[in-house]
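*Asks:* These are the residues of each chain, in order.
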Amino acid sequence: MAQFSAEKLNKVNEIIARYPAGKQKSALIPVLHLAQEEFGGWLSAETMDYVASLLKIEPIEVYEVATFYSMYNLKPVGKYVFEVCQTGPCMLNGSDDIIEYIKDKLGIKVGETTADGLFTLKTVECLGACGYAPMMQLGKHYREHLTKEKIDAIIEECERNAVTNN
Amino acid sequence: MGRKLLLEKAHVPGIRTYEVYRREGGYRSVEKALKTMTPDQVTEEVKKSGLRGRGGAGFPAGMKWSFLAKPEGVPRYLVCNADESEPGTFKDRYLMEFIPHLLVEGLIVASYALGSNKTFIYIRGEYAWIVDILEQAIAEAKNNGWLGKNILGTGFDLEIYVQRGAGAYICGEETALLESLEGKRGNPRIKPPFPAVKGLWDSPTVVNNVETLAAVVPIINIGGDEYAKIGVGKSTGTKLISACGNINKPGVYEIDMTISVEEFIYSDEYCGGIPDGKRLKACIPGGSSVPILPANLLLKTAKGEKRMMNYESLSDGGFATGTMMGSGGFIVLDEDQCVVRHTLTLARFYRHESCGQCSPCREGTGWMEKILKNIEYGKGKKSDIDLLWDIQRKIEGNTICPLGDAAAWPVAAAIRHFRDEFEWHVLYPNAAQNRNYGLAHYADPLPVAAKT
Ligand SMILES: Cc1cc2nc3c(=O)[nH]c(=O)nc-3n(C[C@H](O)[C@H](O)[C@H](O)COP(=O)(O)O)c2cc1C
Ligand code: SF4
Ligand code: FES
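Chains as they are written, first to last, in numbering that gives the first Met the number 0: chain A, 0 to 165; chain B, 0 to 451.
Chain B extracted, bound-state conformation (with noise of 0.2 Å):
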């Protein structure tokens, strides 16, 4: 069993409740922090610990909050992207719905080492009774003296709000996160300047996802240098995963990122294989933004080296090979799904998603869905698949946000590991009306360059 950090009392009867959250170790990390520790110091053993922001870029969270300004008299601010509207990723939700404490902990002690008095968690509209359970926390913690005036004696103000967002995908970006709270259109801001200079009302702001918030806590309680000394390189610390798609355990795991991709698949204590005895055909290991694998080349690197389940491993190989931890949204395709099919659903979602602020993003991502539902519904023609791979590089690193080219990626992947499964849509229209191309040969052994 891997070392549980965020989730170990998660299912604790009662965790939900200050009372049993307190008794549990509760409110530990706020009265080291607080009466031990500066804020620097506290800045200082996240940068230790080398901890990556969670919500999926992977940028190193100490590091973040040592680029705050800090200009004399301009308040800052601290906000929590709980927006998580990323196909394949649900674990943020289960983290803020089973152990709520634990976020309002970690903000505590964040919004200490940044100077923020007033946090808000920006959570997706759809999450309406997350609201209340994270409120009720929030009015628990407050009850207790965690927030508020002063607290503990030491002269630090500080108040949450949780704000609900609406139902859009790209309110997760972050600036477009900080537009939504402003009361505006969901539409990212040109960067520079970045939210750590001029964020929520031009006034600098950190942005980070729950996970990250929540992982602060085992950090102060246990030091930066211990946290760091679990799981493997640039990989420090325990990551969810959301494993979902053809599994028999479809769920939230916590691991230490020492474990393979086939352990995670196919052992009980996670995923527990692929229902019916199916084999694995692809896999999506890090929210629908990055790139897909055939089932070869996810179990095992280019190079032969088992797939690990790390950012370095999943990374292995690049784009060409390789493939990204992005934020934990692992999705599994079984012999019997359709590429074509999965990659025109995320198509869809992009398109629907998309702000409208660039062109090539607003125009492209519309035709990628109307040139897949083509190829899917037995109207493609070969020409386009070539178009599809053409359409998706001029969107590619031509935009303002990164929703660009993250509808890109899944299409460009897909294309470039399935082209075959493609062509024999074009080739076998009505064959592919009535039944699936299969798993053919992408779960076949990779011919291994022989050691020189």
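With the rest of the complex left out, here is chain A (with noise of 0.2 Å):
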């Protein structure tokens, strides 16, 4: 079963020690996102197990948080995972026009992953970044004032990063 590098072991028990003695289960939200980044983008059921050992909690408690929250993915996703905001100001600034024309692209519906497994669609709620709109997250970082043009660039970097990683 997959585990944690000493390095991310390290992480672990640094965010632990923010808390009070007996209230490490505070750290299950940061450890989840951890154990996503490392385990394949997404957490299994085995990798939830794995977090509630390493906070000695029961699973279920992991399992609670984890289906409450959107960022969590409970099924795997592609390499690249596009999160186009649909909200209120970024409707107003063409966001369906952009999911359209996502969908055309990739062939794919809100919700489904491409083929090859490079690229997942999906919709989210406003992020905080209604005067950059269009937008979407990828990764990391947010991608503002989307254009069809910048849809293509950003698909082709997707395209030419995941050669080069491989």
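Since the hints were derived computationally from the structure, they do not count as laboratory data. There could be a bad hint or two in this list.
[Stated by the list, open to error] Think about it this way: if two alpha-carbon atoms lie no more than 20 Å apart in a straight line, the pair counts; the simulated SDA-like pairs of lysine to any residue are:
#1 Lys10/A / Glu158/B
#2 Lys141/B / Ala16/A
#3 Lys197/B / Gly21/A
#4 Lys369/B / Thr122/A
#5 Lys305/B / Lys197/B
#6 Lys248/B / Ile15/A
#7 Lys183/B / Tyr131/A
[As the list claims (entries may be wrong)] Stretches of chain A that chain B covers, calculated by requiring three or more beta carbons in the stretch to come under 8 Å of a beta carbon on chain B:
#8 11 to 22
#9 65 to 71
#10 80 to 90
#11 119 to 130
[Unchecked claim] Here are some of the chain A residues that sit facing chain B, going by a computed Cβ distance under 8 Å:
#12 Ser25
#13 Leu27
#14 Ile28
#15 Pro29
#16 Leu31
#17 His32
#18 Gln136
Glycine included, every Cβ here is placed at the ideal spot set by N, Cα and C.
Could you fit the two chains together into a complex? Lean on the hints.
*Replies:* What follows is the structure in structure tokens.
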């Protein structure tokens, strides 16, 4: 079973040390982020059980949390996840067209992953970038002021990175 | 040009680094507070300043601080609310991204006033790169003796930690935030007890917004009385407004609260007007939860007075003809936008974000979304409009936390002011699929009652 490296375990212990004794459960959300990054971009039952054992809590306490927060993926996702905002302010600036364009271009529906496992398309609610709309989150960063041309460029960029990273 | 207290230095090159920030006068408020003031004196200055919470509710910050219980031998905590998820709102992000040391400085002074030795910044999970910026600023502050043990030789100890959420608007509600910080689902707690008595890990806790805590810096530097002179009435100091939607210059603006809404939208110093010379149809001036107003009621109150960008004037007329300052998320709709469609996106948002604990909110938000979808896509009935009204009324005031109200108000205000647009959608479903109701009469001058 996959386990954190010594370096990541140090990070986990560093986080736990912030809280009073016995309150190590407070580390759950940050540790689940770490786990998702480390173990393939999603949280399997096995990963969640591992996190429970690290924090000395019941597995159900982890499942409860993992299912509540929208940033945790409970199914495998593509290497690049396009999370496009569709809330009011982005809609006023054409996010619906951007979502349609990505669907056409990648040949997938919202929530699906391309056959080559490269791209997943998700719609999300306001990400706090309303003045720079339309926008999406890609990994750790935001891509803002999206246009069709920018989408083309981002897709090409991801395809290039996928080749060089393999 | 209005006075700038928070963003004045935000664009000095290199201001993100400690050296530049300090050279520009940073951390003076910490020296002043820790070396020359008692914690209670700091709280007193904040009270005098009239600073109101910038997270949305506008509760006086100094008063909140003075409610903090101080039992012997129990730790107290300050938690900074950086969850910022209210649609239209992106001001805290701007402040943290451009001038992170201002927040760190404010947190040190506030922690001193409240007696918090461990202060947490709870930041929405999506702002992942801002965590790095903040942690860098915290590390620099620590290396320079502003954090850690025995700060400035005063005996005061403080550590600041940044903790990410993971995608949940409800975690901006302060008790849901505390649950989340404790590693649980973000289910709001039943109050009382209030966090001031029983908050993080059952200890007395103050939760304040990013902008509120940053404002403590100028308050200590210039004094509470001076701060209170800026602005008007109970709208003291400066306010960050994040402007978006159909405007030429979307972005974050610091205003002193003496300008009019019209000036804010049309002047080149702020939003710069509406693109392509289009006309203003409607605006939600304080984040998605506050009532939407048609152009005529936005620019002038029902009494015919100029509406100003401050707490009192924006709420003039109550919900019947006014709105709220809220979080300062200013959303502008031009004449080609559809109020039904916009309201639908907000209803979907609240349905998605309801934590599900209370049935009126959990079920009601789902129904509102469904009915609005029907109306928008030409399958609505006239009775649906009354049904929507009925549902929102049954949510409002009947839930554990204010998210229920926040979901009800946008729907209520849209029907209150734009009922004919809703009716047009159900009467002419085919037309509504192809074109827009447009500006209609929403910008027409209001009949003003003659002075008696
Ligand atoms: C559903 C909901 C979401 C909220 N989101 C935020 C938020 O993202 N940021 C924030 O500062 N306050 C938010 N609040 C308000 C907080 O509960 C709390 O009042 C605020 O953090 C107090 O800080 P202040 O007094 O400095 O404004 C939210 C409230 C509710 C009901
Ligand atoms: S009002 Fe909605 S979000 Fe708030 S506690 Fe109830 S169900 Fe949860
Ligand atoms: S509405 Fe899309 S980022 Fe706010």
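*Asks:* Honestly, which of those hints from before does the structure not fit?
*Replies:* 5, 6 and 7
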